[in-house]
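Visitor: Since the structure of chain A is already known, use the hints to place chains B, C and D on it.
Protein chains: 4
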Amino acid sequence: MTLRIGVIGTGMIGRDHTRRIAQVLAGAEIVALSDYNPAAARAVQADLAPDAMVYDKGEELIAADDVDAVLVCSTGSTHEAYVLAAIAAGKPCFCEKPLATTAEGAKRIVDAEVAAGKRLVQVGFMRRYDAGYQMLKKVVDSQIGTPLMVHAAHRNPTVPEHYVTPMAIHDTLIHEIDVFRWLLDDDYVSAQVVFPRKSSHAHGKLADPQIVLLETAKGVRIDVEIFVNCRYGYDIQCQVVGEEGLANLPEPMNITTRKNAALSTPIMTDWKDRFVDSYDVELADFIKAAAQGTASGPSSWDGYVAAISSDACVEAQEKTGQIIPITLPARPALYD
Amino acid sequence: MTLRIGVIGTGMIGRDHTRRIAQVLAGAEIVALSDYNPAAARAVQADLAPDAMVYDKGEELIAADDVDAVLVCSTGSTHEAYVLAAIAAGKPCFCEKPLATTAEGAKRIVDAEVAAGKRLVQVGFMRRYDAGYQMLKKVVDSQIGTPLMVHAAHRNPTVPEHYVTPMAIHDTLIHEIDVFRWLLDDDYVSAQVVFPRKSSHAHGKLADPQIVLLETAKGVRIDVEIFVNCRYGYDIQCQVVGEEGLANLPEPMNITTRKNAALSTPIMTDWKDRFVDSYDVELADFIKAAAQGTASGPSSWDGYVAAISSDACVEAQEKTGQIIPITLPARPALYD
Amino acid sequence: MTLRIGVIGTGMIGRDHTRRIAQVLAGAEIVALSDYNPAAARAVQADLAPDAMVYDKGEELIAADDVDAVLVCSTGSTHEAYVLAAIAAGKPCFCEKPLATTAEGAKRIVDAEVAAGKRLVQVGFMRRYDAGYQMLKKVVDSQIGTPLMVHAAHRNPTVPEHYVTPMAIHDTLIHEIDVFRWLLDDDYVSAQVVFPRKSSHAHGKLADPQIVLLETAKGVRIDVEIFVNCRYGYDIQCQVVGEEGLANLPEPMNITTRKNAALSTPIMTDWKDRFVDSYDVELADFIKAAAQGTASGPSSWDGYVAAISSDACVEAQEKTGQIIPITLPARPALYD
Amino acid sequence: MTLRIGVIGTGMIGRDHTRRIAQVLAGAEIVALSDYNPAAARAVQADLAPDAMVYDKGEELIAADDVDAVLVCSTGSTHEAYVLAAIAAGKPCFCEKPLATTAEGAKRIVDAEVAAGKRLVQVGFMRRYDAGYQMLKKVVDSQIGTPLMVHAAHRNPTVPEHYVTPMAIHDTLIHEIDVFRWLLDDDYVSAQVVFPRKSSHAHGKLADPQIVLLETAKGVRIDVEIFVNCRYGYDIQCQVVGEEGLANLPEPMNITTRKNAALSTPIMTDWKDRFVDSYDVELADFIKAAAQGTASGPSSWDGYVAAISSDACVEAQEKTGQIIPITLPARPALYD
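Residue numbers (the UniProt record's numbering), protein chains in the order written: chain A, 1 to 336; chain B, 1 to 336; chain C, 1 to 336; chain D, 1 to 336.
Bound-form chain A, shown alone (with noise of 0.2 Å):
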């Protein structure tokens, strides 16, 4: 009855979840391993996983018939062949963001799975599983009346120089844009993008912070703060503001002290810790119902949506001040 995992691409994200799912969770066990380069995945076999077998190339490892389901931890740019594939064999997968680089490759995903006429793919949209946003969509959903506004801010400590304008949205919006559909069961009609006075912190090829404001097709409000050299600590923040009342997304639970003169929480300063949690629940899930032969959660559609709304956001950002519409094809009857 044990689910058998195959993951391709053992980098950070791989090799973690490899440990999650042979030390942590019930009801699964890694069977396989596959990277580009071979001499990483043999590493995790002997950190992680001795029983498995190692696989030169992803799509022999999804071929092979102990494989049940797959992981796709790879580099972004794989992903949309490995998914393809694994749709291809019937078997549950269970993909990193981005699902595809572009839109129109999360389409030709999107196709195939309803060609096949079932939910086989999962996306990596964490938050959702998230203990704190869990609680808030349920006070969303009971207890402050329709939601009118979203006040939210996604703030880090600082960034890379490699990190410039355009990733502010593919690699880091891109958890509001999903996590806000969901919140809200709601889609996106238009983004505007402004930019605040500069932060003397932010490299030259960065304009930091931005303010996205998004408007969806029920009418909510939007406004997402953007600032990922804030200095002070990796801070998610969200407001929903309803007809009746507001919530908040909790603070993470942490220690207050007193001393010297001060009434203080910690706030922590890396991403890595803030949603940690989350990816045990997320991958429990899909362990659930790949073992049922399907996949729930996040669903090729939402990796979809988010390509479009991101690329939307992004031509804001060129656009500086203009409100750019965002158009949505009609929903599959799969994914209702």
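Just so you know, the hints here were simulated from the structure itself, not pulled from any lab data.
Check the hints yourself; a few may be wrong.
No copy is singled out in the list; a pair is fine if it fits within one copy or between any two copies.
[Unchecked claim] Straight-line alpha carbon distances no greater than 35 Å define the calculated DSBU-like cross-link-like pairs of lysine-lysine that follow:
id: 1; residue 1: Lys319; residue 2: Lys57
id: 2; residue 1: Lys205; residue 2: Lys138
id: 3; residue 1: Lys205; residue 2: Lys91
id: 4; residue 1: Lys57; residue 2: Lys138
id: 5; residue 1: Lys205; residue 2: Lys118
id: 6; residue 1: Lys107; residue 2: Lys288
id: 7; residue 1: Lys288; residue 2: Lys319
id: 8; residue 1: Lys57; residue 2: Lys137
id: 9; residue 1: Lys91; residue 2: Lys118
id: 10; residue 1: Lys218; residue 2: Lys319
id: 11; residue 1: Lys319; residue 2: Lys198
Guide: Using the frame of chain A, we list chains B, C and D on its own:
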């Protein structure tokens, strides 16, 4: 040495300021009262200032020999004439907002005061005197680096039928318009208004909520949610994001209870309670300066700029989504 | 109608009350000053009350025809005599704590006031006038059911060498002793003191921290931590546990920042800042009652009971761990 | 490599641990079940562990060749015998609290384990594994200086009729008794109990609330309010006061709303929700150590000391107000 004050307009706020000077604050006494309805003035005289003279006309009160300084608390359309008369008489004058009902009217007051050669007018922007904003300004000036963004909200439980869309600027946002200029030591260069889904609790002639987006000369981006049928309370929020960290306007002090399965702190529901202490402080400041024959605090120039900025915000309401430029004349040296 | 006040003792608190009456509060003026060091009185006269008479002796000040009411701000050992003189003169008298240096002395004042037949004395227990305690009392009286327990702390960053163990009662706990009687409308029936491990920051003649356990006539159990070398701040905590819920004294309002990997609010370090606003309110209350020829607020009886209760706490310090009974005489009807 | 576990006692907690091992945690499987009511064991087998053997007697389960480790979840009076049998069989054993119903019984287990020469027993004091207490211990060990005092509360909304006064120690305070020893790395030297006014919501055989005052070998003074009819929620509070500052156990993470004139965060009302995550962590810890043939976490010695300390607290209830000494035997080296 006691400052002898005359009050024009003895409605709610005029009566309250009379009480404040007669019973709370040191250094001044009420010697004259006037109202377009003389019975109202006599009622305040009877209750609070038995030794005061009651004048039929505000102009007579301003001219009276024993009146050292004037409070203008009458209806907004009469402010300009009374303030001009006080300037002409060389008497310090505290004027409730608005300074005038048009930017042109405010300009005439600025011109008259500049011609008089000294500050004689204080405008009733009491938030600058609020303990919370005072604390916030100190922190903004010293602890969080250069300000880059302000996220704010002005929420009221409900408004009556006569409150229509432009009043969200003239009666509500006007406080933020003034206090952010002071907080940031900055001026506005553009305004944009977007309208979220309308609350079902808002009546027909009011778009509620609204989001006003302001840009300043120094590049600070400000977003203010105005939501005057928010149901839950009168709630003023302000967060300033700087290069090194961020600071929040404090919540009003209140009791936290643990009761009925909740950790809970009351939120005010009546706006009159929120800044009540700041009225004492602003009038104490007026008394102090007026005893020296001059005025301090929010100036005619501040009232004039507030009028220009408000007009742009109303235009931005009418041209939803458009970014409306705001242009100010040069600031006279008197207001440096 | 202006109340004419004489101040005996022009040290730190006497000077501050003089300023308060001369410059902040309506309804009173300083007409007389006295100090055992006449130069000190003259300095205050020069700075704050140029029209006041300076008297060599407090008794002369009390007797002066133009003095309507008296503030006793001199050194503690002189309070009893001045208060008795004020009562004898039939003049309302505000007396800084302690009312007297012994319970017997306080008893003589109570007896004199009862003989005079009306309230003439207000003791300077300013915490009853603090906005936070006022809010707490309202909630305790109406929202949390019958009080059962109080958990409290009185912490100070550091104390000088001359502060020895009994001063933790007479100078520090004395505020809690009074304010809890008022908060709970109750009296003490026993006291116990236990000593935790001594802080290495406490000097040789001081046991610090201490925990005082009080029991009231209604059965409420109170624990108060006294920690006067706590290092981190001046911090007053009070939590009342009732049958239906519990309520906390609010933290003083202050700015919350996000900076340096912490969400942080400053804690005061100087006790003089903590209750500074309540001095204004207590003196406004004195002025109002004294204008009617009487006194309100904390009474001679309260001062007397505080003295008896303090004596029991000091005995409980000396007999560590023992439960010391507290017995009060019957309360005269004047203080009902 | 999978640890084969047998569970004795399949009531609420035994069923829940079975589910945890079968469905949540990696590294172990349930191979055997036993209950004094065999039908109960078979029901759990059917629902959660279809491949497990069901044994009539716990002793048979312990002796079974394919059982590597044992969970004792049966009724308290049977714990001692099962744990002794597991030690005799050389098998790691997780025992729900109490380790034994008497201090003498716990002593016999300690002696047997010492004779066995290695740790084989983990006691189910799950609070040590709670994320909040883990955070608190780190801060206590590193940031607030030497601990001097602990202020704590253990509150429950209501208790049934059969919950009588001593159960406040044996069933409620027992968690604090263990976790504070671990938190402070210290032992108790005395206990005192005082009874506040009784809540009108407490039934006749229960004194509620109670305050337990503990003193440790290092001189730390601990006060714990036990209030099991507090009405408002299940609320665990713990504040450690150190020489340099103080630290609070975090509130459980929850959503803050602004609604109905209050800023509010829910408080749990069911104790089963409060430490639910820590059960996963404690059993993961058991699996990890048991796979090495030993045990870690709360030891038999901890269970024995908890029993001695509890007995002293019950004596302190009976001799209200008296300080009862607590004397421990020397700690065997096995538990250093």
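Visitor: Given identical chains, is Lys319 near Lys57, meaning Cα to Cα at most 35 Å, within a copy, between copies, both, or neither?
Guide: Neither way: Lys319 and Lys57 sit 42 Å apart in one copy and 58 Å across, limit 35 Å.
Visitor: Can you give me the call for Lys319 and Lys198, within, between, both or neither, at a CA distance of at most 35 Å?
Guide: both (17 Å within a copy, 28 Å between copies)
Visitor: I want to check one pair: Lys57 and Lys138. Are their C-alpha atoms no more than 35 Å apart within a copy, between two copies, both, or neither?
Guide: neither (43 Å within a copy, 45 Å between copies)
Visitor: Can you give me the call for Lys57 and Lys137, within, between, both or neither, at a CA distance of at most 35 Å?
Guide: Neither: 40 Å inside a chain and 47 Å across chains, both beyond 35 Å.
Visitor: Is it within, between, both or neither when you check Lys205 against Lys91 at 35 Å Cα-Cα?
Guide: Answer is neither; intra-copy 42 Å and inter-copy 57 Å both fail.
Visitor: Between copies, within a copy, both or neither: which fits Lys205 and Lys118 at Cα up to 35 Å?
Guide: neither (43 Å within a copy, 49 Å between copies)
Visitor: Could you figure out if Lys288 and Lys319 sit no more than 35 Å apart (CA to CA) within one copy, between two copies, both or neither?
Guide: Neither. Shortest intra-copy (44 Å) and inter-copy (52 Å) distances fail the 35 Å Cα cut-off.
Visitor: For Lys91 vs Lys118, is the C-alpha pair at or below 35 Å within one copy, between two copies, both, or neither?
Guide: Intra 11 Å, inter 47 Å, cutoff 35 Å: intra-copy only.
Visitor: Between Lys218 and Lys319, at a C-alpha cutoff of 35 Å, which is it: within one copy, between copies, both, or neither?
Guide: both (25 Å within a copy, 21 Å between copies)
Visitor: Tell me, please, which holds for Lys107 and Lys288 at an alpha-carbon limit of 35 Å: within, between, both or neither?
Guide: So Lys107 and Lys288 pass the 35 Å test inside one copy only (26 Å; across, 45 Å).
Visitor: Please sort Lys205 with Lys138 into within, between, both or neither, judging by C-alpha distance up to 35 Å.
Guide: between (40 Å within a copy, 33 Å between copies)
Comparing the model with each earlier hint shows violations of hints 1, 3, 4, 5, 7 and 8; every other hint is respected.
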